[in-house]
Structures are given as structure tokens and as C-alpha cells.
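J.: What follows is each chain in one-letter form.
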Amino acid sequence: MSMKLFLENNRGILLAYDQGLEHGPTDFNDRNVDPAFIMELAASAKFHGVVFQKGLAEKYYNGRVPLVLKVNGKTSLVKGEPLARQNCSVERAHEIGAKAIGYTIYVGSAHEGIMLEEFGRIQEEAHKLGMAAIAWIYPRGEAIKNDTAPEIVAYAARTGLELGADAVKIKYTGDVESFRWAVKSAGKAKVFMSSGPKAPSEVDFLRQVRGVLDAGATGLAVGRNVWQNSDPSRMARVLRRLVIEDRSVEEALKV
Amino acid sequence: MSMKLFLENNRGILLAYDQGLEHGPTDFNDRNVDPAFIMELAASAKFHGVVFQKGLAEKYYNGRVPLVLKVNGKTSLVKGEPLARQNCSVERAHEIGAKAIGYTIYVGSAHEGIMLEEFGRIQEEAHKLGMAAIAWIYPRGEAIKNDTAPEIVAYAARTGLELGADAVKIKYTGDVESFRWAVKSAGKAKVFMSSGPKAPSEVDFLRQVRGVLDAGATGLAVGRNVWQNSDPSRMARVLRRLVIEDRSVEEALKV
Amino acid sequence: MSMKLFLENNRGILLAYDQGLEHGPTDFNDRNVDPAFIMELAASAKFHGVVFQKGLAEKYYNGRVPLVLKVNGKTSLVKGEPLARQNCSVERAHEIGAKAIGYTIYVGSAHEGIMLEEFGRIQEEAHKLGMAAIAWIYPRGEAIKNDTAPEIVAYAARTGLELGADAVKIKYTGDVESFRWAVKSAGKAKVFMSSGPKAPSEVDFLRQVRGVLDAGATGLAVGRNVWQNSDPSRMARVLRRLVIEDRSVEEALKV
Amino acid sequence: MSMKLFLENNRGILLAYDQGLEHGPTDFNDRNVDPAFIMELAASAKFHGVVFQKGLAEKYYNGRVPLVLKVNGKTSLVKGEPLARQNCSVERAHEIGAKAIGYTIYVGSAHEGIMLEEFGRIQEEAHKLGMAAIAWIYPRGEAIKNDTAPEIVAYAARTGLELGADAVKIKYTGDVESFRWAVKSAGKAKVFMSSGPKAPSEVDFLRQVRGVLDAGATGLAVGRNVWQNSDPSRMARVLRRLVIEDRSVEEALKV
Amino acid sequence: MSMKLFLENNRGILLAYDQGLEHGPTDFNDRNVDPAFIMELAASAKFHGVVFQKGLAEKYYNGRVPLVLKVNGKTSLVKGEPLARQNCSVERAHEIGAKAIGYTIYVGSAHEGIMLEEFGRIQEEAHKLGMAAIAWIYPRGEAIKNDTAPEIVAYAARTGLELGADAVKIKYTGDVESFRWAVKSAGKAKVFMSSGPKAPSEVDFLRQVRGVLDAGATGLAVGRNVWQNSDPSRMARVLRRLVIEDRSVEEALKV
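Residue numbers (the working numbering), protein chains in the order written: chain A, 870 to 1124; chain B, 870 to 1124; chain C, 870 to 1124; chain D, 870 to 1124; chain E, 870 to 1124.
Everything labelled a hint here was simulated from the structure, so no lab data went into it.
Since the structure is predicted, the reported quantities are computational estimates derived from the model, not experimental observations.
Misleading hints may appear alongside valid ones.
Each pair may be met inside one copy or between any two copies, as identical chains are not told apart.
[As the list claims (entries may be wrong)] DSBU-like, lysine-lysine: derived pairs with alpha carbons at most 35 Å apart:
| id | residue 1 | residue 2 |
| --- | --- | --- |
| 1 | Lys948 | Lys873 |
| 2 | Lys928 | Lys1014 |
| 3 | Lys948 | Lys915 |
| 4 | Lys1040 | Lys1123 |
| 5 | Lys1014 | Lys997 |
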């Protein structure tokens, strides 16, 4: 039930690769469309965890990096109030070797209640089997005007704590001060930044990560900013210097 | 199945701290955002119970005060007819050490039926495990024009009794006479006032509590009027004098 | 599985007291708001059954009169197509000592299907535990223009028979002839009139009951016309003379 | 799992009597409103099966004719897209002595999916207990313009075959040729005509039945055209001559 | 859990015959309306699998060809956002002798979540019983403008991989290059083309199949283009030459 397995110096970097279901292969190129490439990258670049849906885990996971199994998801083809239902049992996640389950909650959605209830059950099942429960908390739906507004991000963080998540994955607010409040709101739940689409430049991205760390977060879950990078291994090394060795952006870039 | 554990002189004061999920951290400041602060306050100020969601209970509850575990909830981000689904199993609440479960029913909501059914099941599960069942009964939704109208508050109280709640948490009507009818309507179910947002002044708040007690209620569940107070411990002492020692507002304030 | 426990001379009078949930305490006065008063009345006036929701049964039922436990219900605060979901398990009803379960089906409601299914399951569970299943059948919803029209009342009665109810509680059509058809449509299912709101005068009410009996019904479930009466015990005696002793309205009134 | 019990010379006539739930007692007169009359008629006139809802079966079925228990149904009071949910468990149908379960599927309804799923489960449960599964397949809902159009009737028949029904009950298309296609589409599933409301004349009705048989069907499920007849037993004898002895309409009428 | 049983030279041709439920018998003629004809064709022409709904499998399947049991489906009579619910248990599919289950997911439908969840459960149940799980993935609903657009087809393919399908059945994009991307997106999940309605000419159809194979797919699921052909056995031989012997369209046609 703890996140320790995913941490080094109390920090952690998760390699996220659930975009195939969430966005479709439009996020991929000829190389990173292959889950084997991602699995190899996760292992060789010493990520602290790799995030797969069940299908990828069953066909490509090799045990060299702790596994976070995303047990719900939806395609981006569906419109209307977002809802992502469980598509993998917690028991199956455990058999595959997952050390944590991941679950997305769209707070603010008209279907929020379904996801709160489902996460509640899944968290208990995961803990019984010794796995951590990580909540992807995304404020979304008609009622949400700005999902990176400081009070919205802090609310997302707190929701994870209240529901019993061991860690929450949330978006960055854009500045250290307001994100510190989100981290504080998350209490003993670890905070990981959701790094989102590829940033305009490496420095832009790294400054975000630095801000998140300065605000007290544990780390980040990163996908496109690594595997869409022309040299993913180098970017992974930069991130390790920044996050695990706690260096400045400038020093981190000297790899 | 009884509320005795939560009572002293047949009165009780519960420290409510489920606002993190219901309203977000916007209710909090740097101090009270920390559940450990609340847990300490509950214990040192001798509250008769502390109300947590599962996540807070798992990470912060230390057994020094009887625990009421709120097993449902929703964020305030969702619009439309209110619905709060179960996010913690009764069995898990029991493992954590809860002596009562709390459950919110939005009577009047288009989704009322789901919550009546869910509470019915939860009440039976809780009693089987020796825990009390406390119903937060809030008339809400399109059909409810004024949720503190005397006949609405009395209806809320009665609904709890009919459904088998050991105690109901309801809003104050604003005057002793009409609240007495609500208390009478609740029969053998204990009545706790929901104290709501911080009152304009301490005296205003305490007069409400006094009215509630004069009407025959058992006590109150209080959150913001204590932990948003500049001196929460003092306010807790004032409340004990008012509620447990049954003093007047003026005497209670002489702490 | 039989109604015999509730009958005397093949007739029966049930004291209905589920109005607290269905209408709220607005139906009550200082005396009859107390379930203990109703329990005492049911016993001392020798009613053939008393109808409670789970909460009242758990806190006030004393075994002196056979218990009908209403296992579903809704508040009158909700608008739209009516739906009442199960809020008490059949097993729990049995533990409390119920000899029959009661269940309301709103035929004609857009949610009719949920209630037909739920009653179907509950009827089987009740029979397995040796309890009778009584169906409150109320045609209601957008599609129902007049719920006391003869063909509608007969349809309600027949629905109960088809679904396996041991007894049906239906409204009076207003005349003996048409109600006789409803009773015939109910076949071997016993028919109880739902007596509804307090009638303009005692005689009006008793003539309705007399009509119902002349039409072949088994009896009635009565609430407000007894406990809103200035002398409930006397009214109960009048009803016994009318229903059990099968006298005329005029003779029945000579108590 | 076979229909053999319901057949004689590979033909069968089922006496349908689920109209009390589906249409209400408006279909009945003083005699046929009584299920005992129908049970007696079924036995004395040697029908090959009698169709009851659970309530009638429990109170009136005497074992003299094989029982088809209709396990779902709805009232005609509900408007909107049709949905009939299960109101009798398959296990209970078996205990009562049913040799087949009947289930209505409204194909084309917005709720079609619920009924396909429910029938799928029920068919498996029935087969496990050695009972046949008969599907009443009625194209209905906004999307259906003409439920006796040849291609619609053939689709209904085929749906039953695909879903695993042992027999399908469908409407007549009006001519032998097009109904032959429906029968062919049903493959090894037996086809029974749903005879519907009382026909303008006996000959009209019998010509329909003759057409259905000439098209290769197994028989019919008949209700109103028998028990609304002034001499139901004679009509039953006529039908036996037509269906089981395979005579012409004219010869069949010479009873 | 593997597709090997369905492959020859790592290629496979499945004979699809679930059109009876999906489209109705309008797709059939006097010969191919008979499932026995299809079963015989599948066996004599050495297809690598035959696709049936439960009802056909129970009544016509003879074990001479591996069985893919389609466990969900819907009629084409229903309008609105598509939804196909499970109508056959995985356990029953296994008893009947299926070597794989088939399940349709309408991605982009407002009901997508129900099908993702249901497929997730079914896939696990199938694997536990040693059966493969094949996903028919059809982008459909208001939100889908063009279901053969390259990015949509690739998304469909990827969705199957992410969800744990052993094989996906998807539509052809119309050109080799874009379909190659779909195949790549499917990773280790086998790709079968859904061949759809009868093509204008044999050559047109075969060129599509050739394109699909050149793009790296495993084969196709074919129905109407075989059994609506005037000589289904010959067409089956042509397909074997094209797909299994990997010949050109022109050579394949020299049978």
C-alpha cells in the first residue's frame, strides 16, 4: 500500500504510456508506437515506474521496472461529460505484476459519482493485495472552465487525499506558490505532476518540473515530453538530474 | 448500534472535517488544511467524535476520539441534481476503527432513490458490525426552494428516523419552536445540528446552538465554526460549556 | 406466505403509518407524530397489522400486533416520474419480526420496470422466509390521468395478482359496482382499500369502507382517518364493527 | 431444453393468458377474468401449454397442462420506448413446475440492449434446469413503423434463433409466402404465431392460422381468440382439427 | 489465450455469420439463410474459424472448424448511440466449444464506457478458460464522421491492443500505407479486416484484401463476400490462395 517502491530519494519519475487508449496513435511515431520501445526505455533509463493499460502490460511488460496498471480509460472519440469505467480487475492487475493501480477520476463531470464509487472499491481491493492506488484527478466537464486554476488544482489534489489515494497525478498550476498549496492540500498523498503534451521547448518543460518540485511535489508522470523527444534517453537523464539529484534546470541539462 | 459512545450527559459535539471533499481546500488555511492538526484538536479539546472521509482516516486517525467515517460524498464542482455515492465499504470503515458511519442523503434530488437504497443497505451492514449509522439529510435539488423552511427541516429529520438512522444531522430552522417540531419528528433518532459556514459572529453561532439544544437536540456537528476560529481550542471549550454543561451563551463564553 | 395472520372473519384492518417518509410530519400532530402512540393504538384497538418503515419498526415495534414492513418508499419532495427503491432487505425485515413485507409499485411510471423487477425478487425472498408480500399498487406518472378511474383501479388490482402479491392495496373507485370488478380482477389476492387522506366526514369515510366491503374486498389499510381522528380508539372500534362484524355504517357508529 | 413436451404431431397450441398484466382486465369478462376458468379450459381442451405470469401460476396452476412461465412483462400504462424487466427468477419458475420460460424482447426499442442481455442470461439458466426458452419477439418503439412488415417479422424470427430461443412467438405477416421466409429465417427454432386481438370473424382468424401452418410454422399461442369466443371449448376443438390434424379451415369448422 | 488455433502460415480467414442478428435475414438468400449451409461451407472450404452467435452455435455448430462465439450484438432496428450488450456468458461459450469469444465495441458511442468495461471483464474470463478474445472495434455514433479515416482506423486498432484483445477486427482504410500504420498501432494484436458488404466486383474485394495483407495484417473476417457469391466454395479457394499462399490477386483468381 505504499509508494516506496516507486521512489528514490523520496522522488519519483513515472513513464506514462496510456496515450494509445486516451488519444490514439496520433501521439506516436514509428518508434514510440511500439510498446517494446517504451518498455526498454523505461528499464534502461531507470524510470521509477511505467504506466500501461492491461493489454500492453500483458503483451510487453517484462518486470524490469515497477508497473502501474491503469485500470480505467476512455477514448477521446466520445463527447459529452467524461466517464472512464474500469476495464481491468484489480486481481488481474496483481497477477500481471502491478505494484500500483492507476485510476482516472474526472471530478466535476456529471458522471463523477460513478468514478468516486468505483475508485473507492478499487482502492480497497488494491490495498488488500498490497498494491498502491494512484488517482489521476482531472477536473473536467461542462462545469469546469479552467482546469489549471489554482483552486481547481488544489481541489483535485485534496480529493485524492480524501478518497484514500496513495498518490495523485494532477496538472501544474503554472507557478510554484499556488502549486505549493495544492501539495499541502494533498497532505500525506504524494503529488505527481501530469506533464501533458510536449512543451514548446525543453527548458519550458523542465522549468515546470522544477517549479513542481520546489512546491514540494514528489515527482512527475511523463510521457510525450520524453518519448516524443528526439533523444528520449538523454531527456530521461536530464530529468533524473533535475528530480532525483535535485539540481537546477541549467545543471540538469549538462548531461 | 448506539450513539452512546459519542455522548456525554446525553449530549455530543462532533468535529466535522469532510469539507476537503465537499468544498475543496478553499475552506482551509495553512494550519487547518492539515488533518493532523484537526486530529490533535479533536483529541485535546475532547470532542465526542471526529468526522473523516476514508482517506483522512487511513492516514491520520489515531484512535483518541471516536471516529465517524463518512462513506459517501461528492465534490462541489458537479452541477445538476445532487448525488453522492458510497466510496468506502462499511467493512473497511470498521477495520479503520470507525464507531459510526456517516452518509449524506439529498432528499428531493432526482437521484434520491439511489441514496435511500444505498443508505438502507449501509445502515444494515453498519449495525451488523456494531457501528451506528448517522444520516446527513440535506433537502436539495430543483424541487427544493428553501432548505431551512420548518416543514422541510422536520421532513429531513423524520426521513432519518423512518430509514433507521441512529442520528440525523440537519440544518437549523432559525427558531426554537419550529426546530422543536423537527426534533420531535425525529423521535428516538438523535438530532445534531449541521452548523455550516462560519457564522458572522461567535455569539450568533452560539445562539443557534443554544436554540437547537433548547429545542431538544442532542448536539451539533461543527467544523468551520471551530477550526476557522482564531482560537479553535477556546471555541471548543465554549461549546463544551454550552452543550455538555448546558450553560447559557453568556456563561459559556466565560472560559 | 399467507395473509391469515392478518385476518379475522376473513377480514382485516391494517394501521398504516408510513406517512412520515411519504409525506413528512405535516400529516402529524403532537400526539400522532410519536410512533409509540401508534404502536400502542394498534395494539389496544386490536388492529390486524401495523405498517412501519424499517426505522420505526427497529425503534418502536413491540410485537403486540403483526408487523407489515414497508421495504421501499420515497419522499414527496422529489418531482418527476415516481420511483421508490428498496431501503430494507427482506432478511432484515424478517429479523425485526415482520409477518409481511409491503412494497409500492407505481404502475404507469417511466420507472415501472425497476419496481416490477424489484417486487418480483422481494416477493420470492419474502415467501422463502414465510412472510406474505403485499403490493401497494398506485397508478401514477405523466401517463395516468385519473388514478381512481374504474379500469385503472381494476388494472392495479390485477397487476398485483399477476406479480404474485398475496394482497393488494388499491384506491377506491367510488362505487361498489366498479370496485367489485377490481376485486374480481384481483382473484385470489386479497384486496385492501387504501383509505388515503382524512375524509370530509366520518360517515363519508365509512360509506367508502362499506362500499369496498360490499364489493368483496378483505378490508382496508387506514392511517389518517384513524390517527387524525379526535378519538382514534373510538374510530378503530367503529371500523371493527363495520369491517369485522360486517355491520352497516349506522350500526357501526353506535359504539 | 426442448419443445417436445409442448408438441403433438410436431405442432402445438399454447393458451396465452398474460393479458392481465400486459393489457389489464379490460380484455376479460366475468368468466375469463378468473384464472381458474382458463386453467380448466387449458386442461379440458387439451392445449399443449398454458402461459401464466408467476402470480397466476402460484395461485392457479394445477399441473394438468405444461406450464410456460412468462418471466417478464410490463403494463400498457407506461408510454415511451418499451421495456419489460424480469419479475420472476428462473429458479422460482422451475419450482412452480414450468417446463418453459417465456420472455418478451422489444427489438428496436431504445432499451433493446437490456432485454437482449437479460434474455441471454435467462436462456442459459432455463436450459441448465431443463426448461425451454421461448422468446416473444415484438419489434416496437419509435424506430418501428410497421411491425408486421415481412422483413420486420423475419428479422424478429431470426433474432430469436440467433439468441438461442427454442421457440419464437411472432406476429403474422398476412400472407403465406412472406411468413414462409420468416419461418425459414428462424431455422431450428420453432415458430408460433402470436394471434393477438380477437379477429373480426372466426374464419378470418382460422385462415391466418392456416396460412401460418402452410408457411411451415409449428403452431400458435392463442388467447383472446379462444377465451373471448362465446364457446371457447368449441373453438379449441376447431383449432386442434386445424393445427394438430392439419385440416382445412372448412373441415376444421365441422366440429 | 492465443490465436494460433485460427492461423495457418500466420494468416487466417474467419467466416463471419453474425449478420442474422446485426442486419436481419435481409442479407440472406434461400441457401445461405440456413446456418447448416454455412457450417458445411466453413468446414469443406477449410476456413480457419467460423463466427456464430450463441443460438446458431448451440443448434448448428459441429466442431469441424474452430468456433468464435460472438457474445454481444444488437439489431439494426435500434437508432441512437450504438450499444451492444453481452448476451452469452463466457462460461457458456466455453461449454459450446468456442476457442475464442468475439465482442463488438462501438468506440465513440455515448455508451462506449459500458462496452469497454464489459469487454475488460469478458477478456479476463475468456483467458482464464483458455479462449482468445477478439474485439470487433467499430468507431460509431454522433461523434464519428468517417469510420474509415486513417487516424480513426488506427485508433480502433490501438484500442484493441490497449484493452488486451488478442486480435482486432477493423475496417480497411482504402490504401496500404495508412493501413500499415493501423497494423503497427495494433502491436502484437493480430489484425483482421472486416470485409463488410459485398463489393461491386470480386477483383475490387480481392484488391482490398491484398492491400490489407501487404500492410501486415493477419487476415480477414469475411461473410457476405463469400456466402453471397454465386460460388462460395470457389471464392473461398481464391481467398486461400490470396491470403494463406500469399499470391497476387491475379494468381489467386486462377482456381
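J.: Next step is simple, just say for each hint if it's right about the structure.
T.: Status of the hints after comparison with the structure:
1. In the homo-oligomer, the alpha carbons of lysine 948 and lysine 873 never lie at most 35 Å apart, since the shortest distance is 37 Å inside one protomer and 37 Å across protomers.
2. In this assembly of identical chains, lysine 928 and lysine 1014 lie within 35 Å of each other by CA distance solely across copies; the values are 32 Å between and 39 Å within a copy.
3. Taking the closest pair of Cα atoms, lysine 948 and lysine 915 never come within 35 Å of each other, the shortest separation being 37 Å inside a single copy and 43 Å across copies.
4. Proximity of lysine 1040 and lysine 1123 under a CA criterion of 35 Å is satisfied intra-copy only: 27 Å inside one chain copy versus 48 Å between copies.
5. Taking the shortest alpha-carbon separations for lysine 1014 and lysine 997, neither the intra-copy value of 37 Å nor the inter-copy value of 45 Å comes in at or below 35 Å.
The structure does not agree with the numbered hints 1, 3, 5 stated previously, though it agrees with the rest.
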